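> These are the residues of each chain, in order.
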Amino acid sequence: MWSTARTVGEGDVVIVWMTRENMVPLRITAGQELNNKFGVFKHSDIIGLPYGTKVPSHSGRGFVYILRPTPELWTLSLPHRTQILYLADIAFIVNSLDIRPGSSVIEAGPYARFLDQLLGYTFPLAGTGSGSFSHSVARTIGNTGHLYSFEFHQERAAKARDEFARHGMTMVHLEHRNVCQQGFALCDAVDSGRSSSSSVVFLDLPAPWDAVPHAKIAMKKDRATRICCFSPCMEQVLRTVTALNQCGFTDLTMYETLLRPHDVHHVPKLVSIDTIIEQVKLHEIKKEQRRLEQVAASDRKRNSRKRKRQEDNDIAEEDGPDPD
Amino acid sequence: MWSTARTVGEGDVVIVWMTRENMVPLRITAGQELNNKFGVFKHSDIIGLPYGTKVPSHSGRGFVYILRPTPELWTLSLPHRTQILYLADIAFIVNSLDIRPGSSVIEAGPYARFLDQLLGYTFPLAGTGSGSFSHSVARTIGNTGHLYSFEFHQERAAKARDEFARHGMTMVHLEHRNVCQQGFALCDAVDSGRSSSSSVVFLDLPAPWDAVPHAKIAMKKDRATRICCFSPCMEQVLRTVTALNQCGFTDLTMYETLLRPHDVHHVPKLVSIDTIIEQVKLHEIKKEQRRLEQVAASDRKRNSRKRKRQEDNDIAEEDGPDPD
Amino acid sequence: MSAITTPEHLENVEPLQSPLGRHIIQPGAHLLIRLPSKEVRQVRLDKEPGEKTINFGKFGSLKQKYLVGQPFGLTYEIQQDKSLLVQPPQRLEELEDTGATNEQIVDRGEFVQPLTAAEIELLKKSGLHASEIIKRQIETHVNYELKTEYSKDKYRKRKEAKFAKQITVLQPSLFNVASYLFDKDPVKIQYLRVDTLGQIANLANLRPGGKFIVIDSIGGLLVATALERLGGEGTVLYITEADSPPQFPIIDLLNMPEEHTTILKYLDWASVDEEHDPIRAPIEPEGEYRSEGQKGRYEKRRQIIEAYERLREELFAGEWDGLLIASQYEPFSIVQCLTPYLAGSASITVYSQYLPILTELQSKMRPLPAYLNPSITEAWLRQYQVLPGRTHPLMNMTGSGGYILHATHVYDDKKALSALAGFRQRLKQRRRAKEGAGSSEGDQGHMQEDVDMEDTNSTS
Amino acid sequence: MSAITTPEHLENVEPLQSPLGRHIIQPGAHLLIRLPSKEVRQVRLDKEPGEKTINFGKFGSLKQKYLVGQPFGLTYEIQQDKSLLVQPPQRLEELEDTGATNEQIVDRGEFVQPLTAAEIELLKKSGLHASEIIKRQIETHVNYELKTEYSKDKYRKRKEAKFAKQITVLQPSLFNVASYLFDKDPVKIQYLRVDTLGQIANLANLRPGGKFIVIDSIGGLLVATALERLGGEGTVLYITEADSPPQFPIIDLLNMPEEHTTILKYLDWASVDEEHDPIRAPIEPEGEYRSEGQKGRYEKRRQIIEAYERLREELFAGEWDGLLIASQYEPFSIVQCLTPYLAGSASITVYSQYLPILTELQSKMRPLPAYLNPSITEAWLRQYQVLPGRTHPLMNMTGSGGYILHATHVYDDKKALSALAGFRQRLKQRRRAKEGAGSSEGDQGHMQEDVDMEDTNSTS
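Chains as they are written, first to last, in the numbering used here: chain F, 9 to 332; chain U, 9 to 332; chain C, 6 to 465; chain R, 6 to 465.
Because the hints were derived from the structure by calculation, they are not lab data. Just so it is clear, the structure is predicted and the values come from calculations on it, not from any experiment. Please note: incorrect hints may appear among the correct ones.
To be verified - Covered stretches of chain R, as calculated for chain U (at least 3 residues, CB under 8 Å):
id	segment
1	60–72
2	352–365
Unchecked claim - Calculated pairs, DSBU-like style, for lysine-lysine (alpha carbon to alpha carbon, straight line, at most 30 Å):
id	chain 1	residue 1	chain 2	residue 2
3	C	K193	F	K295
4	C	K130	C	K157
5	C	K170	U	K228
6	F	K62	R	K70
7	F	K228	R	K70
8	C	K87	C	K140
9	C	K300	F	K314
10	C	K129	C	K164
11	C	K157	C	K193
As the list claims (entries may be wrong) - Computed far set for chain C versus chain U, every beta-carbon distance over 10 Å:
id	residue
12	S66
13	A123
14	I125
15	T240
16	A247
17	P283
18	E289
19	Y294
20	R295
21	S296
22	Y416
Even glycine gets a Cβ: it sits at the ideal position worked out from N, Cα and C.
Input sequences plus hints: build the corresponding full structure.
In structure tokens, the structure reads:
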């Protein structure tokens, strides 16, 4: 998978990190430019830099980080960010299915139908779940493992195949196939000397119950093997339980998992109420002063009016009828 | 409900608080004693004390707090502590059903079947859910409200009736009745001038779907009314949804809630790795000193052995064959 | 699992005949209106609706008078003449999952809009009913029949949200109002989520007849909760840094009867200091009353000051049943300041959106004998979409809804002086001390007031 | 939803013929055994099992040899002769809910035991099969038929847990081992829950061929995770305060092939200080070699010291792919100490059971340009009981499984010196400084070693 060289080379796939909410995968091609609100970045400037370098834009307006892809970064860089939830699921699945270097794994629905199904909305959401699970498994099983990946949608299968090739994922064997109807065409060939069966199956399908009997055939028979069916809806889970139970699977458990962020770095410093009490007292004093000033002013006004009236009277009296 | 006097009186129900995991309800009766591992407490010593007082035991060995009961403390003082989870549910239900002073509420299953059902175990667990919901609702609706409470188990109904009476819960009307079969015998009597129907129904039953059509009859017809069905299992929820939908209930939502404790007061102070680095260096020096001492000691030993051998030889040579 | 049933047989109901209750829409009432887009808007009816209208933009315009007398909770379709047509309860459809898998649909990257925006606008202007427009869109949609039943349903619903003229009138109950505020302006209510609010109400043991002190920097949401749970019996004391009575639009929104809000009293923070002698405007003129009007105004001022004195005495007399805090100020200083006035076994309930604020509070309270078991909890809530065959948790519920510290006020020793006795004792001591020092400023207190009475009227 | 399928047709399998894998029980293997009571116990087979047995008390005793060659994951009934009978996969029964509501059952407070303990003991001694004993108990149970089907099922299961002699051999996979440790001794692993561990493994980007530094005060669970995920390719560098190679029983428990554990290297904390000249025992005697044996021992010491030097140089050369920490020491001091040796874009992953420890770490890392986006997450896990008609979340999942801080190491400027270049530069500077000061202690380093070589053998 992906380059392990210290520095970025021509043709490498890198993750361009702008902010934690904004990162994009980029294939480095000399002569091309990346344009975004952080500035203009020439691919040729990036070639030869160590992975992890902070790169200023040509205009000097902003900067980005050039990161080495990981399945997690790759997933976060895809357009549909809700997928971040899915990362916790993937980690848990890989761990609980005991997927290790050299493991042989079957997955159906690599272009995960998760969000799709969740939204009850079957137009393809560009990039949704684009091989997040495949990338994560490929990383873990390494070059000695095998991932048999089945996608029933021809166009998506083609797209995935391209992507896996671009990412150097030689351990992935992708097939365009509707496993619910046609099965996996893998079986435990103990006597043939070469077994392409698997000890781990992961189904991310709208109707996993249809694929369960086929999965059983494709699983190794000489050991305990594990299956995981991923479903967003309760009804799917219950129906899958029935299918698994009928096929002789045991130790059925269901898990939910997620990663909960804890961002506590913006805790404000709070003012003591004693300070407020003193402020209110001061305010009270100021207000009383204002009131007293107003009273004094109004007294002055009244007095001056009185005086004025008095004076007017006095003048009137003094002057008497005007002689003019 | 419960006394609101400042001090504890004869016949009051109080909560005796030992630790956060250990509290018991107690009816104060002059002449009686409370014995526990914290000591002996005479009821007559408690009479006249303000609620909230820390009371030392007669032996002086320990102490307890005498608290005024609340529905929450009451629930926590019951033998089955798993109920603490249930407290979050109750608060959410009361809030989301808009239960207020003066509300008229129907509940079925006041001696909550929650744990019972959860464990798939139908022998009564002493005190499980003993009216936790009833107490909480009674507190909120106050003396102007009505809680129509239905319990299908005769013995438990009798027990609950006693308890409600002892706690002064005059707003609760308890009936021994299987509402799934017999309905609520409450109806919206607009023309009778007196309506005993309710705007809120809470069902905590193993098969709420059987009670839903009956509940509809018992609910007020001149306003939007609310029903809450509490179920631990997915299958129950799905079946209840169907029943509610068929009966014309709208705006169906499901919630899960719980209160998560955060006890962070025991965060240890961690030692810096720099300290450890220095310790390891010191240890290295000490070890080298020990080694050098050992080498020196072994050299001394070897030398002294050599010397001894030499001396022995010398003596032997000096002595020559013994003349004796 | 909770659900609502709405009146089905409206013809049997004579809402305005029955005693006016909060479940019936009154003139002047506040409403929460849910639009087809799921957005909730706050509106208020005129006290005299007459022919006045409310306009919801593309969702239509309605005459207020058609809402008066209706129960809350109904869904209406807005008609061309601005009248309302009650919609029957909408049942969930059991869809059959055909097993179609949109395997056939070829990605085009973009969503293929079957009708252009201009065409739709034309249809709308022609007065075509929303359901008819949606039907046309479906008919012209190339891939519609290839989709699964669930997808078709979702598609129809999205279109309805766009074109339907249906509104639902939600009752502004505490639950609905708190949810609405959390969605609309969470900063203002310090991200206090509706479930956390419910937990606070129960933990604080709010109940009719109780006496509670409420410190609220969240626009009155906590005060409103206390008022709602007291139902007009008891006292809610609000302490403020402002020098004028609190104005809480949130409380108005709840359509609470007036007798439920009159139990709300307020003091300013300076008054909470027992040593503080508030400055008061004089309650008698220096000379004679200049007029009957002036006399009346002085009388009123005297009543206000007396009520204020009684309330302050009531605070200092103690035996308050609980303290609720959701403040912008440091909570320990508040707790410490008000603890002397709490009853034994009173509950102390503090909200914060930040956990560290409460852990610090907890570490300060823990060593003090007056606080039993200060514990921090966080309410966790998850809502599910409930649709036959498609029941699943909603994914936007991972954030925190805030934290609660709860403790019980206790007396460390058996003698446990009541706060009142303690206050009287302290008062006596202070008086004695003052008398000793010469009591020149003895009874010359002044009370603050915005407008000076002598001045305002003497010039008229 | 996850499930296991176990081999159904054992007669078709010749386990010991197939290349020996970790899925087959080998002599000397570690096992986790699940008892009927659901308790899990750790046992180890002898390297030469022969007729040796393992005793599970009331659940029976078995001969080890019957386990050898079996795949992991099967359930057996222990026979009277200590052999094992493989049990077919146990399917979940769809129970019909009869609607019985134990309305009829009168509370007696106590559970009515149908058979006395003495009677049961007698039955057991008579060699009666567990299922027979349970059947008798049911027959003599007065209220059994009044109970709901769910209750009957629960009753049977409780009895089976008490009397059945069934065991299940769990593979000590990382998942099973971590779960087992969390249940058995959570303090030792600092309450690191299995799901959190999985999140760490992925966030740290553990992969075959990578070079990772692991700081582990949790008994080696983090080291084991790294070894498991590297599969024998790459390097795991463990830094310790002890002066001897790490001993991690957890790693043994995983039955890892030896070539997977040889990639684990260790240094002590003093060696991490670039300035530190480790004290070494001499690699040559002062005079001549006293014997061939002594020469060999010196040669071995020289190799160890050289390997140590190479490893130290490898650390200082930098370009490590990641740093994983679950330490008892202050994490920022560790991160700061090891950051110079991390590659650009390397991941830093720190575990703590206490949130405040990580928030403090975060606040210290945030201003420094070397750390991109230090973020704290908490893994949340909920397990469900899956039984037809009775699917519900388990209630014991409310506690925390610990917290993770994750950050990416970045270079602030374009020149971004490699750590190696930086190290060489610093080294040159130090050497020059030393030479200037007179290099008397130049090459006289000593390496620590527990036993003095000269001494131990010269007296034999």
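> All hints, please: hold or fail.
Status of each hint after checking the structure:
1. For the segment 60–72 of chain R, the proposed coverage by chain U is not satisfied: 0 residues have a C-beta within less than 8 Å of a C-beta in that chain, short of the threshold of three.
2. Coverage of a stretch by a chain is defined here by at least three residues with a beta carbon nearer than 8 Å to that chain's beta carbons; for the segment 352–365 of chain R and chain U the count is 4, and the condition holds.
3. For a cut-off of 30 Å, the pair hint linking C/K193 to F/K295 stands: about 29 Å separates their Cα positions.
4. With a C-alpha separation of about 26 Å, the suggested pairing of C/K130 with C/K157 holds against the 30 Å cut-off.
5. Proximity of C/K170 to U/K228 is assessed by CA-CA distance (about 28 Å); at most 30 Å being required, the pair is judged to hold.
6. Of the pairs offered as hints, the one joining F/K62 and R/K70 is violated, with about 61 Å between alpha carbons and a cut-off of 30 Å exceeded.
7. Taken as a hint, the F/K228 and R/K70 pair is honoured in the structure, with Cα atoms around 24 Å apart against an allowance of 30 Å.
8. For a cut-off of 30 Å, the pair hint linking C/K87 to C/K140 stands: about 24 Å separates their Cα positions.
9. Distance hint between C/K300 and F/K314 is fulfilled; the C-alpha atoms sit about 22 Å from each other, no more than 30 Å.
10. For the suggested pair C/K129 and C/K164, the alpha carbons sit about 13 Å apart, so the restraint of at most 30 Å is met.
11. Taking the CA atoms of C/K157 and C/K193, the gap is near 40 Å; set against the 30 Å cutoff, the hint is violated.
12. For C/S66, the shortest C-beta to C-beta distance to chain U comes to about 24 Å, beyond the 10 Å cut-off, and the non-interface label holds.
13. With a cut of 10 Å on Cβ distances, C/A123 stays outside the contact zone with chain U, its closest approach being about 36 Å.
14. Look at C/I125: its CB is around 29 Å from the nearest CB on chain U, clear of 10 Å, so calling it non-interface holds up.
15. Non-interface call for C/T240 relative to chain U: holds, since the shortest CB-CB distance, roughly 13 Å, exceeds 10 Å.
16. Every beta carbon of chain U lies more than 10 Å from that of C/A247, the smallest distance being close to 29 Å; the non-interface claim holds.
17. Every CB of chain U lies more than 10 Å from the CB of C/P283, the least distance being 29 Å, so the non-interface label holds.
18. No beta-carbon of chain U is positioned within 10 Å of the beta-carbon of C/E289; the least distance is around 38 Å.
19. With a least CB separation of 45 Å from chain U, C/Y294 remains clear of the 10 Å interface cut-off, as annotated.
20. In this structure C/R295 is separated from chain U by more than 10 Å, as the shortest Cβ-Cβ distance comes to about 48 Å.
21. No beta-carbon of chain U comes within 10 Å of the beta-carbon of C/S296; the shortest separation is about 46 Å.
22. For C/Y416, the non-interface assignment is contradicted: its Cβ lies about 5 Å from the closest Cβ of chain U, within the 10 Å cut-off.
When the structure is compared with the earlier hints, violations turn up for hints 1, 6, 11, 22 and for no others.
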